[in-house]
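K.L.:
Take a look at the letters that make up each chain.
2 protein chains.
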Amino acid sequence: MNGADSLCDTLLANDVDVCFANPGTSEMHFVAALDRKPKMRCVLGLFEGVVTGAADGYARMADKPAATLLHLGPGLGNGLANLHNAKRARTPMVNIVGDHATYHVQYDAPLTSDVEGVARPMSHWVKRTMTAAALSADAAEAVGVARRSPGNIATLILPADTAWTDLPESAAQPVLAPREELTRTSAEAVRAAAAAIRSGEVVTLMLGGTALRERALNAAGRIARATGARLVSETSNRRIERGGSRTPVDRLPYPIDLAVAKLKDVRHLVLVGAKSPVGFFAYPGKPSLLAPADCNQVVLATAEQDLAHALEWLADELGIAADAPRLAAPAASYEVPQSGKLTGAAVNILVARMLPEQAIVCDESITQGREFPIYSASSAPHDWLMLTGGAIGIGLPLATGAAVACPDRKVVTLQADGSGMYTLQALWTQARENLDCLTVILANRSYATLHGEMKNVGVKEPGRNARRMLDLQEPHLEWTHLARGMGVEAVSVDTVEGFARALQEGLKRRGPFLIEAVI
Amino acid sequence: MNGADSLCDTLLANDVDVCFANPGTSEMHFVAALDRKPKMRCVLGLFEGVVTGAADGYARMADKPAATLLHLGPGLGNGLANLHNAKRARTPMVNIVGDHATYHVQYDAPLTSDVEGVARPMSHWVKRTMTAAALSADAAEAVGVARRSPGNIATLILPADTAWTDLPESAAQPVLAPREELTRTSAEAVRAAAAAIRSGEVVTLMLGGTALRERALNAAGRIARATGARLVSETSNRRIERGGSRTPVDRLPYPIDLAVAKLKDVRHLVLVGAKSPVGFFAYPGKPSLLAPADCNQVVLATAEQDLAHALEWLADELGIAADAPRLAAPAASYEVPQSGKLTGAAVNILVARMLPEQAIVCDESITQGREFPIYSASSAPHDWLMLTGGAIGIGLPLATGAAVACPDRKVVTLQADGSGMYTLQALWTQARENLDCLTVILANRSYATLHGEMKNVGVKEPGRNARRMLDLQEPHLEWTHLARGMGVEAVSVDTVEGFARALQEGLKRRGPFLIEAVI
Numbered sequence: 001m002n003g004a005d006s007l008c009d010t011l012l013a014n015d016v017d018v019c020f021a022n023p024g025t026s027e028m029h030f031v032a033a034l035d036r037k038p039k040m041r042c043v044l045g046l047f048e049g050v051v052t053g054a055a056d057g058y059a060r061m062a063d064k065p066a067a068t069l070l071h072l073g074p075g076l077g078n079g080l081a082n083l084h085n086a087k088r089a090r091t092p093m094v095n096i097v098g099d100h101a102t103y104h105v106q107y108d109a110p111l112t113s114d115v116e117g118v119a120r121p122m123s124h125w126v127k128r129t130m131t132a133a134a135l136s137a138d139a140a141e142a143v144g145v146a147r148r149s150p151g152n153i154a155t156l157i158l159p160a161d162t163a164w165t166d167l168p169e170s171a172a173q174p175v176l177a178p179r180e181e182l183t184r185t186s187a188e189a190v191r192a193a194a195a196a197i198r199s200g201e202v203v204t205l206m207l208g209g210t211a212l213r214e215r216a217l218n219a220a221g222r223i224a225r226a227t228g229a230r231l232v233s234e235t236s237n238r239r240i241e242r243g244g245s246r247t248p249v250d251r252l253p254y255p256i257d258l259a260v261a262k263l264k265d266v267r268h269l270v271l272v273g274a275k276s277p278v279g280f281f282a283y284p285g286k287p288s289l290l291a292p293a294d295c296n297q298v299v300l301a302t303a304e305q306d307l308a309h310a311l312e313w314l315a316d317e318l319g320i321a322a323d324a325p326r327l328a329a330p331a332a333s334y335e336v337p338q339s340g341k342l343t344g345a346a347v348n349i350l351v352a353r354m355l356p357e358q359a360i361v362c363d364e365s366i367t368q369g370r371e372f373p374i375y376s377a378s379s380a381p382h383d384w385l386m387l388t389g390g391a392i393g394i395g396l397p398l399a400t401g402a403a404v405a406c407p408d409r410k411v412v413t414l415q416a417d418g419s420g421m422y423t424l425q426a427l428w429t430q431a432r433e434n435l436d437c438l439t440v441i442l443a444n445r446s447y448a449t450l451h452g453e454m455k456n457v458g459v460k461e462p463g464r465n466a467r468r469m470l471d472l473q474e475p476h477l478e479w480t481h482l483a484r485g486m487g488v489e490a491v492s493v494d495t496v497e498g499f500a501r502a503l504q505e506g507l508k509r510r511g512p513f514l515i516e517a518v519i
Numbered sequence: 001m002n003g004a005d006s007l008c009d010t011l012l013a014n015d016v017d018v019c020f021a022n023p024g025t026s027e028m029h030f031v032a033a034l035d036r037k038p039k040m041r042c043v044l045g046l047f048e049g050v051v052t053g054a055a056d057g058y059a060r061m062a063d064k065p066a067a068t069l070l071h072l073g074p075g076l077g078n079g080l081a082n083l084h085n086a087k088r089a090r091t092p093m094v095n096i097v098g099d100h101a102t103y104h105v106q107y108d109a110p111l112t113s114d115v116e117g118v119a120r121p122m123s124h125w126v127k128r129t130m131t132a133a134a135l136s137a138d139a140a141e142a143v144g145v146a147r148r149s150p151g152n153i154a155t156l157i158l159p160a161d162t163a164w165t166d167l168p169e170s171a172a173q174p175v176l177a178p179r180e181e182l183t184r185t186s187a188e189a190v191r192a193a194a195a196a197i198r199s200g201e202v203v204t205l206m207l208g209g210t211a212l213r214e215r216a217l218n219a220a221g222r223i224a225r226a227t228g229a230r231l232v233s234e235t236s237n238r239r240i241e242r243g244g245s246r247t248p249v250d251r252l253p254y255p256i257d258l259a260v261a262k263l264k265d266v267r268h269l270v271l272v273g274a275k276s277p278v279g280f281f282a283y284p285g286k287p288s289l290l291a292p293a294d295c296n297q298v299v300l301a302t303a304e305q306d307l308a309h310a311l312e313w314l315a316d317e318l319g320i321a322a323d324a325p326r327l328a329a330p331a332a333s334y335e336v337p338q339s340g341k342l343t344g345a346a347v348n349i350l351v352a353r354m355l356p357e358q359a360i361v362c363d364e365s366i367t368q369g370r371e372f373p374i375y376s377a378s379s380a381p382h383d384w385l386m387l388t389g390g391a392i393g394i395g396l397p398l399a400t401g402a403a404v405a406c407p408d409r410k411v412v413t414l415q416a417d418g419s420g421m422y423t424l425q426a427l428w429t430q431a432r433e434n435l436d437c438l439t440v441i442l443a444n445r446s447y448a449t450l451h452g453e454m455k456n457v458g459v460k461e462p463g464r465n466a467r468r469m470l471d472l473q474e475p476h477l478e479w480t481h482l483a484r485g486m487g488v489e490a491v492s493v494d495t496v497e498g499f500a501r502a503l504q505e506g507l508k509r510r511g512p513f514l515i516e517a518v519i
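Chains as they are written, first to last, in our numbering: chain S, 1 to 519; chain Z, 1 to 519.
I should point out that these hints are in silico values taken from the structure, not numbers from a laboratory. Any given hint could be a false lead.
Which copy is meant is left open, because identical chains are indistinguishable; a pair holds if it fits in one copy or across any two.
List time: in silico DSBU-like cross-link candidates among lysine-lysine, alpha-carbon distance up to 30 Å [unchecked claim]:
id : residue 1 : residue 2
1  : Lys-455   : Lys-39
2  : Lys-127   : Lys-286
3  : Lys-64    : Lys-286
4  : Lys-460   : Lys-37
All chains, please: the whole structure from these sequences, using the hints.
P.N.:
Dropping the structure here:
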């Protein structure tokens, strides 16, 4: 056995058994080792942004890290934007980044770069293993760090000679990473939150991270129902379990004016795994901090703590019975469009209505999908995964990874066209792995969000330079061709009837399918 | 006027008049400013790897920097791999990277990241401008650094409020960057090189950077013809002017065994803008340094110096007349295939034969194009641009930028399929700008170079995990669909006759066209 074998064995022994990969020459010994470990499922992405985004989607649904395999500084660089999203989602991930042999780095060959430098901005932990003998301990440390609540990006740099150097068979016992218990919040924090709720003033529970999973939400739902406290999630969330009888939670809007309006009368903000809300961007004359300056902010529990326990404890403290009724989603009160020109709203409504049980919704719909959560609050039970770090190009990879994690569930992706183009290569992986991914491209043929932002900066009528940077016309993208080019069947529709038919068809089949919804 | 206007004015005043861009919210004021400066040509890329790769291709052909406009750390991250290539090519480039407003960074909004940290590994110079008043001086400094020989990557971080803050009209005079003269080599260096050549032992002139431009090559060609010195270029080169009556130069092979063999009997290695050659990768039991350990290495001139002057001086020192005959390319001695199953060799031969005058060849053909330089040594005069830093995904963007720089020349891209997938979004920009780009996809449907490397690490028959990471089958890519999806007409051919016809057709038309050459 060699270092690469030791690394693979350690990953497998620590329950990391999926590797999203785009390897290169310096990783060939690792690839050869993977070949000797059929238990490791290797999933190829044709671009590293697909690889890291898929590892994110996988871990969000599997609740355990995947490994990625990346090729030196530039390969890691290609994966950086989706690592940024994963870091913001606090997704656990173990990146294995191949590098030149330890003795070769000094010669500054063309692919040499400062790999640690590239890794650090988007990793919580970075280490370079210098000997084959150290690999198992380092890999176990990486897995341990990745799993530590609320989840971390661990990047292990693997010099080629560390992988290819032989090890004695006595080194065969892989190191196991400890599993850490979640810490719990304090009685003081619970009492402070309870006092805020008992004040009789407007209280909002701001939920983030695992507070958006079913058990925690149920406790929050009892509190909300019993006390009138509002439930609001952060704008960007790793995973929300919702639909069916689950407790609904409002999402803090992305547009700054709406976000400020939503919080303007809040007197007590109870933070449950969430940060005090800040503007996604700064705008001239608008605030950075979104909660009223004089509102009382109480931290019930931080993101790394056991948030379900904290909310249940808070319910107990408030004297709310474990079987007390919970907040319920309002009955759907929208009209279902039947025909005519397709609109973003019609797409959202029809997807919300037809969403199958236990679907996983991957949402990078940007402007066009902002109303989807409203329509889908009473959909069948589903998971809702979204863009967390604002780095566009996550939707298709996220869906790819989620489908690998949950082969028995339908993955429905709401994908804006502009951001979809960033990592469209994910469609190929969906075809290769025959993943049950239905993609809806919301094709408005522009960076619509930026048109809005242009108005925000005072430009009423964009000129030629601006239009050419904000529009995706001339030529428009044909997603059916793009999908077919990567082995995914696709249709394009521009009417409500057409979309309803295509959606029905797409939901019925197994395997990847794409609907270009021209709106 | 505001900071963004001042920045645009400064770029234009310093002869930077093309901006490859993919902007976001934090850059909206810059976009609005660009709208007021119609002299700036804004070219949208649908992914930042396209933006930086196009800026590289532009500068290689225009001999001056373009600007890029990128969106915070993740947008820069997406452009990092092609920045790495540009850094290795020593291409001048000015990156403008938007960031949060100076006062907003502290709140750690979702898109916040360490932008300097992301920039540094692939930039020669990084600066954050903290006030609108400082923007003109900082932008001028960036252009000055970028232009400094042999070319640098300058990254200027632009906080949103720096762009949007108003400036007095008195600030309207943009700062001009000084233009620096090239330094010249020394008489000692010339005498040492001349002594090596006069030794009567085997001498190789190793040429890099601007030593591969016509005037320098002509001087090298006189020396080679008169003295028997061999001319070899580095493996990875920014731009070689070749074909027609230009002096031919051998490229140091990428495969390590071939590279070592090429240099094995060299007694004197004269470095002209080149580094002493090193292995692209390390391999167990193979050397990192490629020249014989005991060979005499002489630096005639370094990359930042005036290499044409150095070679002309060396010719003078050797007593070679300015009109002495030069080394000529051997007459083409290969057979031109007429029919049958298409092969990589047939593609290379036919492209080499049909290459129009002053074509620009962008080469990311990886394994399949290795013989193209042999066949094309006696082609019509052309420029040959190639992958410089080993970060795949540069071919299509490079072509895009080269075509923007040289609208009257045909750009022919030899693109391997695996690497082409990294930045295929460049095809859309070619369609949008109606660029005269003919793309040949060498579709071998695998990462063929890695199959070779697997053999190098001793794996004779790759297993399932390895095959699934090295092959692009199941499903295979259909490049005609991919191209059409982005508005580029395309055909797929798998015979010699079919390819010859398609190539003729593609060369005849103006505007983008793609040929999938299934080999």
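K.L.:
Can you give me the call for Lys-455 and Lys-39, within, between, both or neither, at a CA distance of at most 30 Å?
P.N.:
Between copies, since 23 Å is at most 30 Å while 53 Å is not.
K.L.:
Using 30 Å as the alpha carbon limit, work out where Lys-460 and Lys-37 are close: within a copy, between copies, both or neither.
P.N.:
For Lys-460 and Lys-37, only the inter-copy Cα distance (17 Å) is at most 30 Å; the intra-copy one is 60 Å.
K.L.:
How would you classify Lys-64 and Lys-286 at a CA-CA limit of 30 Å: within, between, both, or neither?
P.N.:
neither (39 Å within a copy, 40 Å between copies)
K.L.:
With 30 Å as the alpha-carbon cut-off, assign the pair Lys-127 and Lys-286 to within, between, both or neither.
P.N.:
between (41 Å within a copy, 27 Å between copies)
In the structure shown, a violation is registered for the earlier hint numbered 3 alone.
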